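Protein sequences, first through last, are from chains S, Y, D and G. Take the first sequence: its letter number 148 is residue 148 in the numbering used here, and every next letter is one higher. Take the second sequence: its letter number 5 is residue 5 in the numbering used here, and every next letter is one higher. Take the third sequence: its letter number 66 is residue 66 in the numbering used here, and every next letter is one higher. Take the fourth sequence: its letter number 29 is residue 29 in the numbering used here, and every next letter is one higher.
None of these hints come from the bench; they were simulated from the model. Take these hints with a grain of salt, some might be off.
Taking lysine to aspartate or glutamate pairs in the EDC-like style, the calculated list, with each CA pair at most 20 Å apart, reads [stated by the list, open to error]:
| hint | chain 1 | residue 1 | chain 2 | residue 2 |
| --- | --- | --- | --- | --- |
| 1 | D | K131 | D | E120 |
| 2 | G | K131 | Y | D164 |
| 3 | D | K131 | D | D95 |
| 4 | G | K168 | D | D280 |
| 5 | D | K168 | G | E261 |
| 6 | D | K168 | D | E152 |
| 7 | D | K168 | G | E126 |
| 8 | G | K129 | G | D95 |
| 9 | G | K129 | G | E110 |
| 10 | G | K168 | D | E117 |
| 11 | D | K131 | S | D164 |
| 12 | G | K129 | G | E160 |
| 13 | G | K168 | D | E110 |
| 14 | G | K168 | D | E31 |
| 15 | G | K168 | D | E261 |
| 16 | D | K129 | D | D109 |
| 17 | G | K129 | G | E117 |
| 18 | G | K168 | G | E152 |
| 19 | D | K168 | D | E126 |
| 20 | D | K168 | G | D166 |
| 21 | D | K129 | D | D95 |
| 22 | D | K129 | D | E110 |
| 23 | D | K168 | G | E160 |
| 24 | G | K168 | G | E126 |
| 25 | D | K168 | G | E117 |
| 26 | G | K168 | D | E160 |
| 27 | D | K168 | G | D280 |
| 28 | G | K131 | G | D95 |
Sample of chain G residues at the chain D side, in silico, Cβ under 8 Å [unchecked claim]:
| hint | residue |
| --- | --- |
| 29 | S163 |
| 30 | L169 |
| 31 | M199 |
| 32 | Q214 |
| 33 | Y223 |
| 34 | S237 |
| 35 | E261 |
| 36 | G271 |
| 37 | V281 |
| 38 | L285 |
| 39 | H292 |
| 40 | A295 |
As the structure is a prediction and not an experimental result, all values here were calculated from the model. All residues carry an ideal CB built from backbone N, CA and C; glycine is no exception.
Given next are the chains, with one letter for each unit.
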Amino acid sequence: MRARLPFSPRHLALVPISAVMVLPLVWMLVTSVESLDQTRHFPPTLIPTAFHWSNYREAWNEAPFGRFFLNSVIVTGTAVLSNLILCSLAGYAFARLRFLGRELLFVALLATLMVPFQVIMIPTFLIVQHLGLVDSLGGLIAPNLVTPFGIFLLRQFFRTLPVDLEEAARIDGSTRLGVLLRVVLPLSLPALATLGIVTFLWTWNDFLWPLIVITSTDQSTVQLGLASFQGAHVTKWNLLMAGNVMALAPMLVVFIGAQRWFVRSLATTGIR
Amino acid sequence: MRARLPFSPRHLALVPISAVMVLPLVWMLVTSVESLDQTRHFPPTLIPTAFHWSNYREAWNEAPFGRFFLNSVIVTGTAVLSNLILCSLAGYAFARLRFLGRELLFVALLATLMVPFQVIMIPTFLIVQHLGLVDSLGGLIAPNLVTPFGIFLLRQFFRTLPVDLEEAARIDGSTRLGVLLRVVLPLSLPALATLGIVTFLWTWNDFLWPLIVITSTDQSTVQLGLASFQGAHVTKWNLLMAGNVMALAPMLVVFIGAQRWFVRSLATTGIR
Amino acid sequence: MAPVVFHQVTKEFPGGTTAVDALDLEIPDGELMVLVGPSGCGKSTALRMIAGLEQPSSGRITIGERDMTGLSPGARDVAMVFQSYALYPHMSVRDNLAFPLRRRRMGRDEIGRRVTEMAEMLELGELLKRKPAQLSGGQRQRVAMGRALIREPVAFLLDEPLSNLDAKLRTELRAELKRLHRRLGTTMVYVTHDQIEAMTLGDRIAVMNRGRLQQVGSPDEIYRRPCNLFVGRFVGSPAMNLLPGPAVGRGADVIAGVRPEAMHRAGEVAGGIPLELVTDVVEPLGSDVYVHGSAGGEAVVARLPGNVQVSPGDRLALAIDPADLHLFDRETEGRLAHE
Amino acid sequence: MAPVVFHQVTKEFPGGTTAVDALDLEIPDGELMVLVGPSGCGKSTALRMIAGLEQPSSGRITIGERDMTGLSPGARDVAMVFQSYALYPHMSVRDNLAFPLRRRRMGRDEIGRRVTEMAEMLELGELLKRKPAQLSGGQRQRVAMGRALIREPVAFLLDEPLSNLDAKLRTELRAELKRLHRRLGTTMVYVTHDQIEAMTLGDRIAVMNRGRLQQVGSPDEIYRRPCNLFVGRFVGSPAMNLLPGPAVGRGADVIAGVRPEAMHRAGEVAGGIPLELVTDVVEPLGSDVYVHGSAGGEAVVARLPGNVQVSPGDRLALAIDPADLHLFDRETEGRLAHE
């Protein structure tokens, strides 16, 4: 703790590490404009010699990407909206209402967070099948309408809000629902943003569940579309990466747009 | 808010919902003792008529499960230990030490949480290949030695501890490392338990990465072993589920043993 | 404006703690009643039951003759100021003030008029567009008062509204609040753990301890005729000194209470009971000096004028006017009639 | 035991706020010095710089002749009691007491002996096996004191150690602390925002405001001869009344300060300056009455004996002994010599 350097010796390690973390993204961008031959090099070329922008056109034409995008947007949008609404309601009930067995139910909810998807995959499929939703967007949406994680996240956040505010609102004449809408939710924007983004990412990136439920091309999502570039014999790395860049684009837009909210919510209200 | 019932009308919905959540586990247990024919029924039988315990023996003999278990334990154990140590050190630095660019680095760390595994999978593979770790347990361990999530979790937890305690310990003659070891870590047991369990679950359940890195049977993990029951033509549901039960067993032991810690840490220190 | 009455109100919490035990208390229309007691004495629970934030386990609470049992907080037409102020952080001062009116579906014009009026009265005009986080402690306190006053409620509940302010501002606002009450004439129930606040603010004071009402009366009554040892010790600072009966010429079954300011230097009181004080610690306050020491084997504190020179170790000859003695029964701790 | 000296110490925080501005202050060996001031005045930063938890931006701090600049907190041989007490929650009281000794690699027997001794002195014997969470506020405070005392440090730093206790306990422990200091004779630096605590505890008091030292002196000096308007208003409760010079027969370039207890009823002071007080709010404290009102166009407070009967609206004839006037320059706010 003697004199303070403008930077600490730690940087000698930390700066290279953070560089390593950005590399994959750079590599993806570079690969997406390379020719198929160039992608086979090791170590991978990080500065492309020629820009094969045609990869993008080719990737787009290889499959009905427009349709895939629309499907992904419908599924993701519905999941995000319904999670925000339903998890708010359930989270508030767990956070503030007194009812018999609340603690027990909450522990049960936490326990379901621990069950790996592998275990519930098949029963979920059977339920969806029974509902007649196999090979339809409804089959993708139904299991994602509400998530235990979302309920947990919002419940925890709601509990950090001062009870006084809610009591003041009730004395001022609000109903319980009014308290939720006018006081609790406006103060929970960071948590709601986090839940929205996480749900967006999970649903948008999900590959395994669509693979099981969807068989026809016109119900496919972007992630399923990308899989078609990983052929049985030769993987077209460059096209795959071009497709990946396109699939990531909306995600990056959401992330950059909501980044301030997200970081703030994780950093200050996350656990703190 | 008039007279309070001993239970609220909400229970009429909540009780069935929680029943639905336990069903998959029951279904898995039941399937694991059925004959292959019985597994094809829909709706699935929930009360087995005969107990085919031989499924377990058969599943065990079908593949060198003992070896798989050992491999999984080595990989998971190393990952848990190294995450606890390395994430503590990094998390404490982010939480309390002042150094140039700390905030920026932390945001970069958060950003890496957002990158889907799909994107970094291939570069990670290339790095592992370059290190000569393909098809070895080292290749499974290396990318999991330290996780941004772990650093984030512990940093957030450490920040909830009163600074006064650390300042008191420094005045009392502790070094920074002494403060971490004697004051911060003992007070962070819930967070450390959470990190340990989460790391255990992720590493134990991981399927995709072992599938890519491991090719030989004697380097396989339990999850890879299970995949062998999902044949190209006929999936042996009953053997798969018997194997699943065996693979889940150590996880359930860990969960039940650490459950109190875990729930407490999520519920009280999680976000609260 | 309405009287608030507790009829045998008891509140038990899950786990078996009795926060309020068979409370009977009548707060007449327009009175400023202060509930005071140490932490955990049940004063806040009593207030929260008036507001409807807690329901009594048994007994009834009436506000202006109406039985409030089971009514939701919003239906009671009372207003409350919280210790934390509980201003809605995402709303401007204007919206905070308008919130209770909007919930009552008042017309837009009427709301605007009342907000302007209230802002003028509390000198908040400049601040209407600010968020609570941009206000100082004293300003927040005023906004919280305004939000409660704007509805013109029948009763006005205050839960330690001054305890988050520094000593200086607290003293100022105490006088301010007293002026406000005089002007409005609304029933006010004020909860505090600070006996000085209770003494200076209350028309009457209700002293509570461990869920039970100890004494109700004017500040003067409470100070001059405490009904038991607890009230005697609780009110007044420094606390009343306790001496065994024989030390002041009374029986052994008596405890005698003497307030620090009732200990005078010998010679200042004609016919006083003499007492020797062996000084231990001297605390100069400027205006007064608190002299800690022992007399008759008991630790006592005397308050002497600020210009008296005393040093640790000094022996002071003091005298007490017999009329200033408070006598309590050693067993029951109740007040004994002066002989 | 050693003197602590600030030599032109300045502390600027990133963002440009100057917490402490060119502080020169000498605390002789064995003195109990109180740093007092409103929140944000720099008193805590000054204390933390002695401890080494903050480094001065410029200037030097010496403890017993040794320059402390750049030394780590553990190397300074000072002990600190925090406002929160900062007891290690996962350790028993015994381990809390032993912690600083273990860090200094003291022998096991010696540690055991010292812990037992300290526990006896502070009456903690029964509690050695408990965790801090199982202790009351007063007990925690004692353990915190014990952990600081056990090392026999050369200086003893206290950061508002009483502010988390209730008023009653605070008054008790104030006297306790004064006794302790007398017995140990160690240099103590005590930080508080409470002027009453400062007055009653300090051998000397350093009043700070906005990072600058205003006045250093004994409680008596500070109270009777405040060097400027800020100190005059800050020390004493209720605060000193301020009247324009002409209202008390002085020039217009003068502000006259009169303490509330210096306002007497006319007739009690021979040759006093007369003043009429129009009563507004009356605050009975039992022992005294605070009468708020206006006199000469200014809001003033008078402290009268507890048995005086006053009602709002009354006109009181008061008188001030000219010797009780504090005169300040209207421009510089500095104290003027008494003519």
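Hints and how they fare:
{"no.": "1", "hint": "D:K131 <-> D:E120", "result": "holds (18 Å)"}
{"no.": "2", "hint": "G:K131 <-> Y:D164", "result": "holds (18 Å)"}
{"no.": "3", "hint": "D:K131 <-> D:D95", "result": "holds (9 Å)"}
{"no.": "4", "hint": "G:K168 <-> D:D280", "result": "holds (19 Å)"}
{"no.": "5", "hint": "D:K168 <-> G:E261", "result": "holds (17 Å)"}
{"no.": "6", "hint": "D:K168 <-> D:E152", "result": "violated (29 Å)"}
{"no.": "7", "hint": "D:K168 <-> G:E126", "result": "violated (40 Å)"}
{"no.": "8", "hint": "G:K129 <-> G:D95", "result": "holds (9 Å)"}
{"no.": "9", "hint": "G:K129 <-> G:E110", "result": "holds (19 Å)"}
{"no.": "10", "hint": "G:K168 <-> D:E117", "result": "violated (42 Å)"}
{"no.": "11", "hint": "D:K131 <-> S:D164", "result": "holds (18 Å)"}
{"no.": "12", "hint": "G:K129 <-> G:E160", "result": "violated (27 Å)"}
{"no.": "13", "hint": "G:K168 <-> D:E110", "result": "violated (48 Å)"}
{"no.": "14", "hint": "G:K168 <-> D:E31", "result": "violated (29 Å)"}
{"no.": "15", "hint": "G:K168 <-> D:E261", "result": "holds (17 Å)"}
{"no.": "16", "hint": "D:K129 <-> D:D109", "result": "holds (18 Å)"}
{"no.": "17", "hint": "G:K129 <-> G:E117", "result": "holds (15 Å)"}
{"no.": "18", "hint": "G:K168 <-> G:E152", "result": "violated (29 Å)"}
{"no.": "19", "hint": "D:K168 <-> D:E126", "result": "violated (23 Å)"}
{"no.": "20", "hint": "D:K168 <-> G:D166", "result": "holds (18 Å)"}
{"no.": "21", "hint": "D:K129 <-> D:D95", "result": "holds (9 Å)"}
{"no.": "22", "hint": "D:K129 <-> D:E110", "result": "holds (19 Å)"}
{"no.": "23", "hint": "D:K168 <-> G:E160", "result": "holds (18 Å)"}
{"no.": "24", "hint": "G:K168 <-> G:E126", "result": "violated (24 Å)"}
{"no.": "25", "hint": "D:K168 <-> G:E117", "result": "violated (42 Å)"}
{"no.": "26", "hint": "G:K168 <-> D:E160", "result": "holds (18 Å)"}
{"no.": "27", "hint": "D:K168 <-> G:D280", "result": "holds (19 Å)"}
{"no.": "28", "hint": "G:K131 <-> G:D95", "result": "holds (9 Å)"}
{"no.": "29", "hint": "S163", "result": "violated (11 Å)"}
{"no.": "30", "hint": "L169", "result": "violated (11 Å)"}
{"no.": "31", "hint": "M199", "result": "holds (5 Å)"}
{"no.": "32", "hint": "Q214", "result": "violated (16 Å)"}
{"no.": "33", "hint": "Y223", "result": "holds (3 Å)"}
{"no.": "34", "hint": "S237", "result": "holds (7 Å)"}
{"no.": "35", "hint": "E261", "result": "holds (4 Å)"}
{"no.": "36", "hint": "G271", "result": "violated (18 Å)"}
{"no.": "37", "hint": "V281", "result": "holds (4 Å)"}
{"no.": "38", "hint": "L285", "result": "holds (5 Å)"}
{"no.": "39", "hint": "H292", "result": "holds (5 Å)"}
{"no.": "40", "hint": "A295", "result": "violated (15 Å)"}
In terms of the numbered hints stated before, the structure departs from hints 6, 7, 10, 12, 13, 14, 18, 19, 24, 25, 29, 30, 32, 36, 40, listed from lowest to highest.
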